[in-house]
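In order, the protein sequence lines correspond to chains A and B. Quick note: the first sequence uses the working numbering, first residue 1, plus one each step. Quick note: the second sequence uses the working numbering, first residue 261, plus one each step.
In short, the hints are calculated from the structure, not lab data. There are no misleading hints in this set.
Label pairs and their computed distance ranges (CB to CB): (1) A:Tyr21 to B:Pro469: 20 to 28 Å; (2) A:Ala168 to B:Pro372: 32 to 40 Å; (3) B:Arg468 to A:Lys205: 26 to 34 Å; (4) B:Lys422 to A:Tyr21: 44 to 52 Å; (5) B:Arg468 to A:Ala168: 53 to 61 Å.
Idealized CB from N, CA, C, for every residue including glycine.
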Amino acid sequence: MEENSMAEVFNDIKKPENLVYSKSKVLTDNVMHYCPGCSHGVVHRILAEVIEELGVQDKTIGVAPVGCSVLMYNYIDIDWQEAAHGRAPAVGTAINRLWPEKIVFTYQGDGDLAAIGTAETIHACNRGENMIMLFINNGIYGMTGGQMAPTTLKGMKSSTCPFGREPAQDGNPLKITELLAQLPGTSLVTRQAVHTPAAVRKTKKALLKAFENQKQKKGTSVIEVVSTCNSGWKMTPVESNKWMAENMFPFYPLGDFKDE
Amino acid sequence: MSELRLMKGNEAIAEAAIRCGADGYFGYPITPQSEVMETLMTLRPWETTGMVVLQAESEVASINMLYGGAGSGKRVMTSSSSPGISLMQEGLSYMAGAELPCLVANVVRGGPGLGTIQPSQSDYFQSVKGGGHGDYKLIVLAPASVQEMADFVELGFDLAFKYRNPAMILSDGMIGQMMEKVELSPQKERWTNEEIEKMHPWATTGKRPDRERNIITSVELDSEAHETFNNKLQAKYREIEENEVRYELTDVEDADYLIVAYGSSARISAAAIEILREKGIKAGLLRPITLYPFPSKKIKELSGGLKGVLSVEMSSGQMVEDVRLAVEGKVKVEHFGRYGGVVHSPEEVANALEQKLNGGK
Numbered sequence: 001m002e003e004n005s006m007a008e009v010f011n012d013i014k015k016p017e018n019l020v021y022s023k024s025k026v027l028t029d030n031v032m033h034y035c036p037g038c039s040h041g042v043v044h045r046i047l048a049e050v051i052e053e054l055g056v057q058d059k060t061i062g063v064a065p066v067g068c069s070v071l072m073y074n075y076i077d078i079d080w081q082e083a084a085h086g087r088a089p090a091v092g093t094a095i096n097r098l099w100p101e102k103i104v105f106t107y108q109g110d111g112d113l114a115a116i117g118t119a120e121t122i123h124a125c126n127r128g129e130n131m132i133m134l135f136i137n138n139g140i141y142g143m144t145g146g147q148m149a150p151t152t153l154k155g156m157k158s159s160t161c162p163f164g165r166e167p168a169q170d171g172n173p174l175k176i177t178e179l180l181a182q183l184p185g186t187s188l189v190t191r192q193a194v195h196t197p198a199a200v201r202k203t204k205k206a207l208l209k210a211f212e213n214q215k216q217k218k219g220t221s222v223i224e225v226v227s228t229c230n231s232g233w234k235m236t237p238v239e240s241n242k243w244m245a246e247n248m249f250p251f252y253p254l255g256d257f258k259d260e
Numbered sequence: 261m262s263e264l265r266l267m268k269g270n271e272a273i274a275e276a277a278i279r280c281g282a283d284g285y286f287g288y289p290i291t292p293q294s295e296v297m298e299t300l301m302t303l304r305p306w307e308t309t310g311m312v313v314l315q316a317e318s319e320v321a322s323i324n325m326l327y328g329g330a331g332s333g334k335r336v337m338t339s340s341s342s343p344g345i346s347l348m349q350e351g352l353s354y355m356a357g358a359e360l361p362c363l364v365a366n367v368v369r370g371g372p373g374l375g376t377i378q379p380s381q382s383d384y385f386q387s388v389k390g391g392g393h394g395d396y397k398l399i400v401l402a403p404a405s406v407q408e409m410a411d412f413v414e415l416g417f418d419l420a421f422k423y424r425n426p427a428m429i430l431s432d433g434m435i436g437q438m439m440e441k442v443e444l445s446p447q448k449e450r451w452t453n454e455e456i457e458k459m460h461p462w463a464t465t466g467k468r469p470d471r472e473r474n475i476i477t478s479v480e481l482d483s484e485a486h487e488t489f490n491n492k493l494q495a496k497y498r499e500i501e502e503n504e505v506r507y508e509l510t511d512v513e514d515a516d517y518l519i520v521a522y523g524s525s526a527r528i529s530a531a532a533i534e535i536l537r538e539k540g541i542k543a544g545l546l547r548p549i550t551l552y553p554f555p556s557k558k559i560k561e562l563s564g565g566l567k568g569v570l571s572v573e574m575s576s577g578q579m580v581e582d583v584r585l586a587v588e589g590k591v592k593v594e595h596f597g598r599y600g601g602v603v604h605s606p607e608e609v610a611n612a613l614e615q616k617l618n619g620g621k
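So that you can see chain B by itself, here it is in the shape it has in the complex (with noise of 0.2 Å):
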C-alpha cells in the first residue's frame, strides 16, 4: 500500500530503496546526506526484504562495492556529497566501461575542495560530462522534491538496467534536507537470484555448465577493438538521448523570457516568474529532469520565439554552457546564481533576469 509521510528528501531515498526492492545500499557517512545510511541502518531491511546495507570504509570502496554488487546483476546504490562524489570517479568510470547499472544519489554542496556543507549546484559538469576518464555518461535525474527523491530512486535503477549504465540522482543540500509531505510506494519484492539469472545473462551468478564464462571488465588492449566497443558505448548514449529526455514546462506558451533550471532552483525559479508576471514580465521555465540527456531539442524549438533566456544554477555557471549550446546563437543566453552554499531568493532571480535580458528597467 503507498503511504503518506512527511520526511527529509535524504530519508526518502532510503525508504524508497527499500521500497522498490534495491539489493544492496554501500556508503560513507558524509553531510549533507548521511541520513539516507541512517534511515537504513534504523530500518534494518536485511529483517524484512533481505536488502544488504553496509558501511564502507571509504567513498571508493562503496563505489567498487557497487561494482561488484552490479556485476553480479543486484540492484545495488550508494549515495554522497560532492567531495565523496569525486572519489568514486574512478569507479564510475569502470563500471560505465564494464556497462554496470547502479544508482548513486549525489546531494550536492558547495565545493570546490572540502568547502561548505551548505546546499550548491556546482557539481554539474562532473556529473553531466562524465566525470572520470574515458568517453562515458551518466544518466543524471535532477529531483526539485523530496516526492522526486523519492520518485527517482525506482526510476533510476531502471534506466540503469535499461541501458547497463550508471545512473545519478543530482539533488543539493536543500532537497536532501527539507522535509515535505511524500506519497511512498507500495513494497515490492526484490528480484529472486533465478529471476536474475534469467533477466542478467551477463552477470556473475556463477558459470553453469550450459553457459559460457561471464567476465565483467573494462579492459580491452587491441586498440580496434576498443574502439569499436567505445562506438558501442557511443551509440548507447545516441539512444538515451533519443528516448530518455524529460523535463517540465512552466508558464511558456507566451514568455518572451525563458528560465532554464533545475532542482532547488526550479523551485526557486518558479517562484520568480510569479513576480515578474506580476511586473507584466512575461516569463517561463524550462525544469530539466534529466540533465543528461539534456532536453537541448527542447530549449532550442521554443528559443525561436523569445527574447532571452536565463540558466539559473547555485553554481558560477555550468549548465548555462548546454543552454547555450541549445540555442545556437539564436538568442542572447545569460547565467544567474549564487554559490559557494548560497542560496538565491526568488527577488534575486526575477532582478537578474530584469537587469541582464530586460534592459534593467
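Next comes chain A alone, as it looks inside the complex (with noise of 0.2 Å):
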C-alpha cells in the first residue's frame, strides 16, 4: 500500500462516526500495573464497562482485596475502601446494611476470599448480604511471587510447592465456589472466564446479571473468574490460556450453578 493511501485510512478510522470501541469513561486514564497477559485488566475493564452502561458510577462502592488488585481503585472511578486481607466481605456486608440504596462489590483473588477470608466469604453468603463477590481464582499468589494458593492444583507448582502439590503434604485444592451455591443466601453463583472473546462476553453477561441481582435486593450474587498468572505459572501468556483451559477448567468447570 502506498504511503499516502495508509495515511488516509489511518484519518479515517479517527473519524467519530467510524468509532466501533472505546474504552469506558468509568476506567482510569492510569497505566495498569498488572504483568502483560495477566487477567485483572480485562476483568476491570467489563466492571466499568457494566458500571457506566447501567449507570450506577455514583452509586457503586468497590472494596478491594489484598493481593494484585490491591491498587484497583486507580483504576475504575468509582468510590473505593482497600480492606485488609480476606475481609473485604465484612466491610461490603456494612456499607450494603447502612447504605442499603448503594451496590457494594467485592472484588477479591484466591487467597483472599478462600483461604485467610473464608470465614467471611462464607458468612457474608449465607447471610445473604445484597452485594456482589467477584472471584478472581488464578491458582496462585501473584503479588507475594507465586506461593501456593488454596485452589493450586493437585501436582501444580509454586514457590511454597516447588514439586508440586501433594495432598498429603499440602492439602486439596478448594472448590469454593461450588460451596458458596449451597447457601441459600446466594442468588447467583457462577463460574467464568476470560481467555476468548466469546468468555469474556459471557463474564460481562454474568456481571450485568450480577448488578441486576442487587437492584432486585436479590442476595449474594458470586463471580468465579478463573484466571491466568502467567508470572506466576512461569509462562507466556499465549501458553497460559492453554495450560489453564487444559489444566484448570476439568477441575474448575466453567458454568452457572445457581440462577434464581
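Relying on the hints, combine the two individually framed chains into one complex.
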C-alpha cells in the first residue's frame, strides 16, 4: 500500500462516525501495574463497562482486596475501600447494611476469598448480604511471588510447593464456589473465564445479571473468574491460556451453579 | 427527655448508643459484655432510629464491618472483652492507618489467653500503646461508673470523628456488670445521608460527578510518601495530647502521697484514701479519664511536693510505667494491684501505700 493511502486509512479510522469501540469512561487513564497477559485488566475493563452501561457510577462502592488487585482503585473511577486481607466481605456487609440503596461489590483473589477470608466469605454469603463478590481464581499468590493458593491444582508447582502440590502434605484444592452455591443466601453463583472474546462476553453478561440482582435485592451474587497468572505460572500469556483450558477447566468447570 | 434508670454498665452502653444517634453496632458475644448486644437486639433500634445491629461471625469480622461502616461516614461501634479485642487489633491498625473513626468498648477480663471472665485491667498496654502493628494510637476513655459508660459513648464518637481515629472505652468486668443509677440523654437524631456527605467529604458515599473518587486505604508503597503520611498521623497525636487530656482530682491539695488509678481501681482507691486519711496519712487521687492521651503533665506537676506515688491497677503493673515516665524520677513510684481476675479491696490498697511508700508504719 502506498504511504499516502495508508495515512488516509488512519485518518478515516479516527473519524467519530467510524468509532466502533472505546475505553469505558469509568476506567481511568492510569497505566495498570498488571503483568502483560494477566486476566485482571480484562475483568477491570468489563466491570467498568457494566458500571457505565447501567449508569451506576455514582452509587457503586467497590471493596478491593489484598493481592495483585490491591491498587485497583487507581483504575476504576468509583468510590473504593481497600480492605485488609480476606476481610472484604465484612467491609462490604457494613456498607450494604448502612447504605442499602448503594451497589456494593468485593473483588478478591483466591488467597483472599478462599484462604484467609474463608469465614467472612461463607458468612456474608450465608446471610445473603446484598452484594456482588467477584472472585479471581488463578491458583496462585501473584503479588507475593507465586506461593501456593487454596485453589492450586494437585501437582501444580508454586514457590511453596516447588515439586508440585501433594495433598498429603499441602491439602487439596478448594472448590469454594461450589460450596457457596449450597448456601441459601446466594442467588447467582457462576464460574466464568476471560481467555477468549466469547468468554469475556459471557463474564460480562454474568456481571450485568449480578448488578441487576443487587438492584432487586436478591442476596449475594458470586462470580468466579478462572484466570491466568503467567508470571506466577512461569509461562507466556498464550501458553497460560492454553494451560488454563487444559488443566484448570477440568477441575474448575465453567458454567452456572445457581441462578435464582 | 433524659431519663433516670438503674442499669448495668453494659446495658448503659447499648442505651447510650441508640440515644446518641449511632448508625450501627457489629459485635460477637463474649463474657462479661454480652449484655451490650443482647440489650440492642431486645430494643430493636432498627425499627425506631434506624440503627443497624448485626451479630457478626467473629470479632475479626466485627472490626472490619466497622471499617466498612466508618469508611462510608457512619457512626459505628462494637464492644468486646479482652480475647476478642486481641482479635480486633489488625482491624484497628488498618482503621488508624486509613484514618477511620469508630468506637470500640472493651469490658476487660483477666488474661493472658482465655484467662478468666472476672474483671481485670490488664489490657492497658494493648489499649494505649497502639495494640496492632505500626505507629498509631487509639483515643482511650476509662469510665469509673455506669454513668460514664453511658456518657463516654457519645464522647467517644465525637472524639473519633473530630480526629478521624478509632476511640476505645476501656472498662472492666466490674463496671460492665454492676448496676447503678444512670441518667440517660434524650434521643438524638441520626445523621442523614446528606449530612454525612457534607460533613465527611472523604467518605465512600458514591462518586458524584462533581468530585474525585474517594478512596479509603492504608496502603502506600512509596516509603517517602509513607513517612510523610506517618508524620501527619504523629502530628494528629500531638494535637490530641495537647487538647484532649481529661482527669479527675480528689484530695490532692494537701496530699503527701498520690494514688493514680483509673476505672474500678479509682473507685476502690477513693475508699482507700478515706482509710489512710483517718490514720493521718494524707493521700490524694488522680483518676485519668483519658488513658491516651495520658495526664502526664498534671502528674509531673503534682509530683514536686509529694513523698511518693502509687499506681493502683488490676494488673501486674502496666500504667505504672507511664506514671514513672511522667514524674521523671523526681519521686518514688510504686505499683500495687491484684490481678488475674481478683479485685483488690480498699484496705489492701491502703496497706500497700503504707508498706511501699510510708515506711511500713
